[in-house]
Amino acid sequence: MSSVAEPVDGHEHHHGPATGLKRWLFTTNHKDIGSLYLWFSFAMFLVGGAMAMVIRAELFQPGLQLVDPNFFNQMTTVHGLIMVFGAVMPAFTGLANWMIPMMIGAPDMALPRMNNWSFWILPFAFSMLLFSLFTEGGGPNFGWTFYAPLSTTYSPESTALFVFAVHIMGISSIMGAINVVVTIVNMRAPGMTWMKLPLFVWTWLITAFLLIAVMPVLAGAVTMVLTDKYFGTSFFDAAGGGDPVMFQHIFWFFGHPEVYIMILPAFGVVSAIIPAFSRKPLFGYASMVYATASIAILSFLVWAHHMFTTGMPLFGQLFFMYCTMLIAVPTGVKVFNWVATMWRGALTFEVPMLFAVAFVILFTIGGFSGLMLAITPVDFQYHDTYFVVAHFHYVLVTGAVFSIMAAVYYWLPKWTGHMYDEGLGKMHFWCSLISVNVLFFPMHFLGLAGMPRRIPDYALQFADINQIVSIGGFAFGLSQLIFLWLVIKCVRGGEAAAAKPWEGSEGLEWTVPSPAPYHTFTTPPEVK
Amino acid sequence: MLRTATRLTAGVGALLPLITAAAETPLNMTKGVTAVSQDVYQLHMTIFYICCVIGLIVFGVMFWSIIHHRKSKGVKPAQFHESTKVEIFWTAVPLLILIGMAIPATQVLMNMDDTSEADVTVLVTGSQWKWHYKYIDDDVEYYSLLATPRAEIENKLAKTDNYLLEVDRPLVLPIGKKVRFLMTSDDVIHSWWVPEFAVKKDANPGFINEAWTRIDEPGTYRGQCAELCGKDHGFMPIVVIAKPDTEYRAWLTNLKAEQAQAKAEEQKLLAMSMSMEELMAEGEKVYLAACAACHQPNGEGLKGVFPGLKGSPLTIGDINGHIDIVIHGKKGTAMQAFDKQLSLRELAAVITYERNAWGNDTGQMVQPKDVDARIKSAI
Amino acid sequence: MATEPLPGQTPAYYVPEQSPWPIVGAIALCLIAVGAGYTVQQMSGDATWGKWILFAGLVMLVVMLFGWFGNVIHESMSGFYSDQMDRSFRQGMSWFIFSEVMFFAAFFGALFYARIFAVPWLGGSSNNAMTAAILWPEFTSQWPLIKTPDGTETQAMGWQGLPLYNTIILLTSSVTLHFAHVGLEQNKRKQLISMLSLTVLLGVIFLFLQVEEYIHAYQEMGLTLDAGIYGNTFFLLTGFHGMHVTLGTLILFILLLRIIKGHFSAEQHFGFQAGAWYWHFVDVVWLCLFVFVYII
Ligand code: HEA
Ligand code: HEA
Ligand code: CUA
Ligand SMILES: [Cu+2]
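Residue numbers (the working numbering), protein chains in the order written: chain A, 1 to 528; chain B, 1 to 379; chain C, 1 to 296.
If you are wondering where the hints come from, they were derived from the structure by calculation, not from laboratory data. Remember, it's a predicted structure, so these values are computed and weren't measured experimentally. Think of the CB as a built atom: it goes at the ideal place given N, C-alpha and C, for glycine as much as any other residue. Just so you know, not all the hints are guaranteed correct.
[To be verified] In silico contact screen, one side only, chain B against chain A (beta carbon under 7 Å); selected entries:
| # | residue |
| --- | --- |
| 1 | F59 |
| 2 | V61 |
| 3 | H69 |
| 4 | K71 |
| 5 | P77 |
| 6 | I88 |
| 7 | T91 |
| 8 | L96 |
| 9 | I153 |
| 10 | L157 |
| 11 | A158 |
| 12 | Y163 |
| 13 | L165 |
| 14 | A226 |
| 15 | L228 |
[Claimed, not checked] Cut-off 20 Å, straight-line C-alpha distance, at most; resulting in silico cross-link-like pairs (PhoX-like, lysine-lysine):
| # | chain 1 | residue 1 | chain 2 | residue 2 |
| --- | --- | --- | --- | --- |
| 16 | B | K243 | B | K256 |
| 17 | B | K369 | B | K340 |
| 18 | A | K500 | B | K71 |
| 19 | A | K426 | B | K71 |
| 20 | B | K330 | B | K376 |
Chain A with its partners taken away, still in its complex shape (with noise of 0.2 Å):
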């Protein structure tokens, strides 16, 4: 197949990239912009983490040393609203605009020059939202989650801008993802039917649904606490018959399909990589699928098991609790098919691998403590304390984070053409592993002895556990670094990488030349 493009029309045509800043401003390329998207998340987890290491500092010993108490909540604020959109989904977002196309052989992304927008106003939407912390009276200081009527009448003057860069958050994801999904839906190569589309492809056409779905609500969640702060409104305020309960029933509307948004693709990467490097198909490839769409159906049904606490009629409490153990279930199958997918295979550990089987088992712990937090009644004594903090941390970073990281140096080769330093990433590996371990483990015994969340300051039993905390999070953070350091290694130079670097692994991607040429599959692929 060609994988360079033809000529589409009279005016010259050049086929490789343009030079410049020209190149990356005006780009409508798949990987250019998967590049974009990648290089921005991971300088804003770098941000986000910093942030994160402000936090640790402070709550490594009692008493209040370096910040005051206004501004951590503000850092535990920011930090989560930057990890979350800022992090993770473009991260996403950027292996989908990378991987998508190369997987089911198609030229581009459906609506390339939207793509090119949807990255664009990324990087302005966070520059508000820093700038807004420089502002009197600082950023956002309510926790990403915003509840009224905190975020409303008691919020800082600078919230407006909190809930505009929220809005282009939203555009950008909404756009990103219904340009996923055209792609998927229309852009397949001939032959590609959908039983035989990468889990990749499927988990992120199912999270794109999710995206489409929930994000506009996240924007009418914010307009109404514009509205409610500056317009005289009473959504969320009793005295005009409103309920500021209500606030938190349109948010984790939003914010629970948003959680699996985050995870469902690191299912696909997680389900790419170790078929590949057990030299086995993978297990239950249909259940898989149906897996996937199960949880997305029920994450629409489980949102109040954020609010147990707040005095919801028993028959909602039961039913929320219910539907949310529910989602054990198909989770169970997928991590059930990954453990099986690697019976008996012959396996190899090189890094994406080793990533990739941390996250089936430190995700599923995370998923066990989730499990726990869904028993109402024992979410009493959970909730809002450090032992939230330490579930979603193993799934957000053991879970989705490590997955990222497993992807980059899955397809690394695919995109630099060259191999990236093994020994260096090894040590990445062992570094954060460790390291994460001691950062998050012990934050279950803070929560389970007590210790609320969003706190600058705590009682003295348990200073000893957060500075172990602290200890593990400066070194996690350092870690990082290390894969800074390799992957800019690695896209300078190093050892030539073949078209499929990997034994075992499958797929159109690795049928084109590494590093893969600009334009991919201009004429598209037969598939057998």
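Given the coordinates of chain A, work out where chains B and C with the ligands should sit on it, guided by the hints.
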């Protein structure tokens, strides 16, 4: 595969006592001092064990292949990739396990939800950043504030035990009685949490949530606000003292007496007037306790968040305007109404202080009777 | 699936060259966001520069739209687009409309939650007996909520009169638009242009009456944006719908101009199709509004 599975479960059986041992350490959830908190603890441990077992099986199998199915050991990969039987098996089994968990959970929850037939009812009101308790049936009420001195928080003094978990006036409850809590808030959402009772309920402004407890053992129980409620969310602890019913009754009656007497004192005060020294001295105390959290000890506030009082038109301008703001608060802002929170004497003192501290030297004094007049004029 | 390119024919899929418009659009959106943010903040204050940033952003956005769609139109007229491309556009538009549906869903959700839960609870239903007894003893639960817990009073907007007329107007506009489409497909330009112009006209009338209704609400009825949850839901739902009608009318108007210039063919008229879909969507939203906001 199943063979190894059984082998592993056997292994887990041996491990369980160890895990239980770990469960006894203070790192785990408290058993608490009520029947409900015991149930919750049991539920917590059961589910934890179930997860451990499942985990050990899953990870066990996984590590088995990590160790034995390596390419380096020259194994040829099998090619099986489907088995409806197995899929059905590991869909059904977790489902059954979950049903097994849901049943006891439902029972405990329904029990927790039943607030009927309470012997004592307390209205708990959160506000930035303190708790207010009102014994509905005996109309006795008071505020409960953090008692840990600022100096300890700012590391100027050594931290004492119960750091951040000490309040000036704890909530006092009888043991062996069903106590019903009515939770609400004056401003943002707070959440009233005492781990030993397994009671955590959000205090939503404009709504009332109900919860209940029946304490088995006398003692002092500590908790914290569990919903982000702004700057000092980390500094609004909860302390409950549980006493035998008789002692509790005694405490209540003499508290009533005290409060009645205080009222009387107030009335006397209206006749006489206090000296500048008295006012300033008491004013500073009150200011640091009630106002400094937002307006800061130096009266400069936090730019853009809390207005400063130093040289502000409010504190050096019209005196009545100043009094009104303090007693009625400012709607739609964090400024609360202090008429119910402070006595006439304290109000007079603190307003005088604000008008004369930090170089505001207006020289003006505010007497309890002036404050009283403004309050009355409002009605 | 993609069709193999035959010699001389357009390739299977047209991937445009580099384009400056997206980045222009990004800057525009940024200006709009910052501007809007400060405009809102500065409502209580005397600074006003926020407005100007907002305005600049809007201007830039319009420029960008002209440039961008200019390219698209040029490309499609020069026949770079395959059927597959056309499908991409259609699917993209459908998903965009779906996201719009979800946006309105949030506000309808708020409406239903307030009606079914919040207001009755404040009145003491379900597990909120104490809420009413202690906090809002005077309050009685009702919908439309013409007296809020804190005693703000207002009036309910009936469905007869203006709202009814508006419903009829929008419904007819959908019909006229349909006939315009038929006209386009059967190359009956007269019918196309007349019907489309009629649709645009109806859109304008709708907006005019909507404004009338608002004025009436504010001046005679004391039904304002800050008149409690009833006014809130009423104005945000009808307001956002109104904005969509405005946008829709503009789109249709531009389509009209393009048609008069001779764009679109019976086979190739995605632009028209998209505008039509959007209009029908706006129409359906109104029907839901009419039923849930006005009638029940
Ligand atoms: C990637 C993100 C992600 C993922 C995947 C999950 C997955 C799950 N989460 Fe998590 N969650 C968050 C992100 C995520 N969560 C975040 C960010 C918060 C906090 C938000 C905030 O307040 O700031 C949160 C909070 C949160 C709460 C609210 C806690 C509280 O505030 O009181 C609850 C309660 O039910 C919950 C439950 C669950 C459950 C049941 C799952 C399930 O999907 C897990 C399913 C997986 C497994 C169970 C493991 C594998 C299964 C098997 C091996 C099969 C056999 C197992 C059994 C039968 C037990 N989560
Ligand atoms: C995907 C999302 C994600 C990710 C990746 C992380 C990553 C981390 N989080 Fe995250 N966190 C959230 C999502 C995430 N978090 C959310 C949603 C919340 C809730 C917010 C809220 O309550 O509203 C939260 C809250 C939260 C808290 C609770 C705060 C509170 O309740 O007050 C803490 C506390 O320790 C914490 C710590 C960390 C740490 C140490 C990391 C580390 O993994 C970060 C490691 C990365 C780096 C450190 C950057 C790379 C290194 C450098 C930049 C060089 C400089 C480094 C050094 C000087 C050591 N997070
Ligand atoms: Cu009150 Cu947190
Ligand atoms: Cu959730």
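Taking the hints in turn, this is what the structure says about them:
For B:F59, the shortest C-beta to C-beta distance to chain A is roughly 6 Å, which falls under 7 Å, so the interface hint holds. Because the closest C-beta pair between B:V61 and chain A is about 6 Å apart, less than 7 Å, the hint holds. The criterion of a C-beta within 7 Å of any C-beta in chain A is met by B:H69, whose closest approach is roughly 6 Å, and the hint holds. This hint holds: B:K71 has a C-beta 4 Å from the nearest C-beta of chain A, less than the 7 Å allowed.
At about 4 Å, the closest approach between the beta carbon of B:P77 and any beta carbon in chain A falls short of 7 Å, and the interface hint on this residue holds. Against a cut-off of 7 Å between C-beta atoms, the interface hint on B:I88 is violated, since the closest Cβ of chain A lies about 10 Å away. A hinted interface residue such as B:T91 counts as satisfied when its beta carbon comes closer than 7 Å to some beta carbon of chain A; here the least separation is about 6 Å, so the hint holds. At a threshold of 7 Å, the smallest CB-CB gap from B:L96 to chain A is about 10 Å, leaving the interface hint violated.
Restraint check, B:I153 versus chain A: the minimum CB separation of about 6 Å is within 7 Å; hint holds. For the restraint placing B:L157 at the interface with chain A, the shortest Cβ-Cβ distance is roughly 10 Å, beyond the 7 Å limit, so the hint is violated. Given the 7 Å rule on beta carbons, the hint for B:A158 is violated: about 10 Å separates it from the nearest Cβ of chain A. At a threshold of 7 Å, the smallest CB-CB gap from B:Y163 to chain A is about 5 Å, leaving the interface hint in force.
A cut of 7 Å between beta carbons decides the hint on B:L165: the least distance to chain A is about 5 Å, and the hint holds. Given the 7 Å rule on beta carbons, the hint for B:A226 holds: about 4 Å separates it from the nearest Cβ of chain A. Nearest Cβ of chain A to the Cβ of B:L228: about 4 Å, under the 7 Å cut. The hint holds. Taking the CA atoms of B:K243 and B:K256, the gap is near 17 Å; set against the 20 Å cutoff, the hint holds.
Using a Cα cut-off of 20 Å, the hinted pair B:K369 and B:K340 holds, with the two alpha carbons roughly 16 Å apart. Taken as a hint, the A:K500 and B:K71 pair is honoured in the structure, with Cα atoms around 18 Å apart against an allowance of 20 Å. Restraint check for A:K426 and B:K71: the C-alpha separation of about 18 Å stays at or below 20 Å, so the hint holds. Of the supplied pair hints, the one linking B:K330 and B:K376 holds, its CA atoms being roughly 18 Å apart against a limit of 20 Å.
Checked against the numbered hints above, the structure breaks hints 6, 8, 10 and 11 and satisfies the rest.
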